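Protein chains in written order, with our numbering: chain X, 1 to 444; chain Y, 1 to 357.
If you are wondering where the hints come from, they were derived from the structure by calculation, not from laboratory data. All values reported here derive from a predicted model rather than from experimental measurement. Wrong hints could be hidden among the right ones.
To be verified - Derived coverage of chain Y by chain X (criterion: at least 3 residues anywhere in the stretch with Cβ under 8 Å from a Cβ of chain X; other residues may be distant):
# : region
1 : 78-90
2 : 119-129
3 : 153-166
4 : 244-251
5 : 345-353
Even for Gly, the Cβ is constructed at its ideal location relative to N, Cα and C.
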Amino acid sequence: MRRRSFLSLGTAGLALAQSRAPKRAILDCGCSLAPQPQPGRGQATLAGFEPLQSGLKVTGMKVFGVSLTRTSDRPYVFCKLETNQGLVGWGEGTLEGKAGAAMACIEDFREFVVGADPMQVEHIWQSMYVHSFYRPGPVMGSAMSAIDQALWDIRGKALGVPVYKLLGGPLDSRGVRGYYHADGVRTPEALAKLRETAIQQGVSCFKTGLPTYYEWIETRKKISAAVKSMQVLRESLGPDIDIAVDFHAKTSPSVASILVKEVEPLNLLFIEEPCPPENVQAMAKIAHRSTTPIATGERLVAHFGCRELIEMGVVDILQTDINHLGGITGLWKVSQMAAVSGISMAPHACEGPIGGLATLHVNSAMPNFVVQEICGQIQPGPTDKIWQEWLGFPAMRMVDGRFPLAQKPGLGFDLTEEALAKYPFGGTRPMARVFHEDGSVAEW
Amino acid sequence: MTHAMTRRMRLNAVLAPQAAVQNQGPAEHAISEMRWFPLREPVSGRRYTLLRVKTRTGLFGWGECSQAPAQDALALEKEWIGKSATCFAAIDSSSPLAGALDMALLDILGRACRAPLYRVLGGPTRHKVRAYTASNAAGFSAVEISVPKPASRNQGKAYENQIQALVKQLPEDRDFVLSANGSLTPGDAASVARTIETLHPLWFDEPCSVSNLDAVRKVSNETVTPLGFGRSIADAGIFQALLREGLIDVVRPDIAHWGISGARRIAVLAEAYYVAIAPHHDGGPVATAAALHLAASVPNFFIQHVPLPDDPKDREMRAAIVSGALERPQDGFLQLPTGPGLGIQVNESALEKYHAA
Numbered sequence: 001m002r003r004r005s006f007l008s009l010g011t012a013g014l015a016l017a018q019s020r021a022p023k024r025a026i027l028d029c030g031c032s033l034a035p036q037p038q039p040g041r042g043q044a045t046l047a048g049f050e051p052l053q054s055g056l057k058v059t060g061m062k063v064f065g066v067s068l069t070r071t072s073d074r075p076y077v078f079c080k081l082e083t084n085q086g087l088v089g090w091g092e093g094t095l096e097g098k099a100g101a102a103m104a105c106i107e108d109f110r111e112f113v114v115g116a117d118p119m120q121v122e123h124i125w126q127s128m129y130v131h132s133f134y135r136p137g138p139v140m141g142s143a144m145s146a147i148d149q150a151l152w153d154i155r156g157k158a159l160g161v162p163v164y165k166l167l168g169g170p171l172d173s174r175g176v177r178g179y180y181h182a183d184g185v186r187t188p189e190a191l192a193k194l195r196e197t198a199i200q201q202g203v204s205c206f207k208t209g210l211p212t213y214y215e216w217i218e219t220r221k222k223i224s225a226a227v228k229s230m231q232v233l234r235e236s237l238g239p240d241i242d243i244a245v246d247f248h249a250k251t252s253p254s255v256a257s258i259l260v261k262e263v264e265p266l267n268l269l270f271i272e273e274p275c276p277p278e279n280v281q282a283m284a285k286i287a288h289r290s291t292t293p294i295a296t297g298e299r300l301v302a303h304f305g306c307r308e309l310i311e312m313g314v315v316d317i318l319q320t321d322i323n324h325l326g327g328i329t330g331l332w333k334v335s336q337m338a339a340v341s342g343i344s345m346a347p348h349a350c351e352g353p354i355g356g357l358a359t360l361h362v363n364s365a366m367p368n369f370v371v372q373e374i375c376g377q378i379q380p381g382p383t384d385k386i387w388q389e390w391l392g393f394p395a396m397r398m399v400d401g402r403f404p405l406a407q408k409p410g411l412g413f414d415l416t417e418e419a420l421a422k423y424p425f426g427g428t429r430p431m432a433r434v435f436h437e438d439g440s441v442a443e444w
Numbered sequence: 001m002t003h004a005m006t007r008r009m010r011l012n013a014v015l016a017p018q019a020a021v022q023n024q025g026p027a028e029h030a031i032s033e034m035r036w037f038p039l040r041e042p043v044s045g046r047r048y049t050l051l052r053v054k055t056r057t058g059l060f061g062w063g064e065c066s067q068a069p070a071q072d073a074l075a076l077e078k079e080w081i082g083k084s085a086t087c088f089a090a091i092d093s094s095s096p097l098a099g100a101l102d103m104a105l106l107d108i109l110g111r112a113c114r115a116p117l118y119r120v121l122g123g124p125t126r127h128k129v130r131a132y133t134a135s136n137a138a139g140f141s142a143v144e145i146s147v148p149k150p151a152s153r154n155q156g157k158a159y160e161n162q163i164q165a166l167v168k169q170l171p172e173d174r175d176f177v178l179s180a181n182g183s184l185t186p187g188d189a190a191s192v193a194r195t196i197e198t199l200h201p202l203w204f205d206e207p208c209s210v211s212n213l214d215a216v217r218k219v220s221n222e223t224v225t226p227l228g229f230g231r232s233i234a235d236a237g238i239f240q241a242l243l244r245e246g247l248i249d250v251v252r253p254d255i256a257h258w259g260i261s262g263a264r265r266i267a268v269l270a271e272a273y274y275v276a277i278a279p280h281h282d283g284g285p286v287a288t289a290a291a292l293h294l295a296a297s298v299p300n301f302f303i304q305h306v307p308l309p310d311d312p313k314d315r316e317m318r319a320a321i322v323s324g325a326l327e328r329p330q331d332g333f334l335q336l337p338t339g340p341g342l343g344i345q346v347n348e349s350a351l352e353k354y355h356a357a
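Model the full structure from these sequences, guided by the hints.
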């Protein structure tokens, strides 16, 4: 039968065709490449894992959206896995501006997780990544991150050790070096005061951003102001405090190249995202024209997503985020791959406390670790108070310039659903929308 | 400041003071003793050295390397006695004995967690491990054959015919790896690679030396036969270079040299290029156990070489020093050891018997 005449039969004809060939299965997707049952293969091979399993099974998965304020653009997305032996694991997949999508995507992975042996985290991770067919972007990456962290939490608890020990850490038992943000601190006086507090507290590093938004090409006035803003940082904070500046992809390669070169004498620890991340060649243009170290990676997924940056010699410091790139498994793999090329790690974690605490475990076992980001200020804020209320300790507050390491097994904290219930999900909210003077869309 | 200072040099200047500071807290499972056991197979004469690491908490673990020169062993002991045995990420991978120490520390970690190592490392990613050997042992479905030494250099067709005849002696259903041990000229390597294309080897191993990447490019450009490299590579950056250019189909870090963690790092690298790992192995049964755990903890493992000797006396030795049927495959696959750590028991009295003077 020719295709056209077959189609013209319509649904009645289709039903007829089926009844004449009852043995041929109709595939849901209509795709002739979908896996066919193979005798002795396919699902059957999973039975081979039975004798090697730990006895732990994931029996339940719960997804939480947690909004600290009614208008938060980043409600925390948490995942709790329950097991047949009473152990539970927590993970985070907070995705700024896309909370609902991340939560739904975790649900989409339910079949990959519930019923599985949580100890087989690498196998589960691979299955989520590969069997999704469409390669993970940030939504799927964040969902995988939540599940992966929760599995590692269970793994550590089941084996009786903090997760960093399963990764071969700690490389420094004093903890993990970090930095606070110095948002809005721009005057010499305010910066001098920040320096004083930093020295008292042992904080050795800060990061801040550029003062405004930038068009494709910029005016002398704005270029000079941007350079000046960075000079003031170094002059006021002194030579011993490390300073990082996050361009946050606000600048085009043309504008960034000028700024990155102008600030070379300031000896910055790094400049972050000098342009948007999709075009590695564009970022390479900036990086290759300056000696200032370049950091990027918070928007990337898995080690696959970092390969080109490393190959092209664009990046000095990778900043992949444990809540987006694929959890502990993903962050550990990126660090291993980066280490071979002499690339350093300064992971991003600007979401909730679970991802923040999880990232410390991985950092603690990285030979190429530099410093950990957290979106907190040197003086604790209301968010820090809520985290302490949830976890019973000041999560993500540094002691003597370092985040202390967990002593308890797993990720090292206890969290209850009741604690989160005070902050119910307030719905997905978009991230900020910023426009230039002429109304055109600006990067922020 | 001169422009000769690169971005990376600048960063290193910032990082150097940090690197000097290390682990200052109390060490958990502190290492109390490291002992080396040089061994020799009685007939083949193959040598390997086992490492036993003990902790103050009464745990112990085993590792293996090809040999442990006294100077390197002393340096390692000086660095590690008193340190935490679970801190395997702190091993300096540039030490020639890093692999042995890594296996031993992971063995200890697994025993401390009362779990097989593949489970500690996030596996199992597979429930059995495909294996091949160059020996006549039963149970393997794939075999390694070595190219004969060419009568002269670059003799072309005559040598190709010789290789074809060699391969055609194999039963039809027998998979094979053709190994040249880095011995061929780039020209011979490329023509052999091409001539075996339609015979479908699993891969062509070490067709030529990797010291000249242009030579490897030539071989790779002229054939679709998969290429394996790695037995002599001691710097992960070389794997990186081969992978970046698409010159390698099977990464083959030596398991005893790299240990489980070093080989895993190379596996991660290869994974990003959709390339498989098949660790090189020319040592004893402790390294075989390590290779099995590696296989079950990475996604992109393909097959493990088992260096079984042909002489029964040598095989007797391997079976005597490590318990279980570790190196006996069924239907082409080895079973995973299920005990804690590496899942093996080392028989110390047998180590005395086979001690290499």
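Hint-by-hint comparison with the structure:
1. With a cut-off of 8 Å between beta carbons, the region 78-90 of chain Y has 5 residues touching chain X; three or more are needed, and the interface restraint holds.
2. Counting residues of the region 119-129 of chain Y whose C-beta lies closer than 8 Å to any C-beta of chain X gives 9; at least three are required, and the coverage claim holds.
3. Here's how the region 153-166 of chain Y fares: 0 of its residues keep a CB closer than 8 Å to some CB of chain X, so the rule of at least three is not met and the hint is violated.
4. Coverage of the region 244-251 of chain Y by chain X is violated in this model, with 1 residues showing a Cβ closer than 8 Å to a Cβ of that chain against a need of three.
5. Check result for the region 345-353 of chain Y against chain X: violated, 0 residues qualifying (beta carbon to beta carbon below 8 Å, three or more required).
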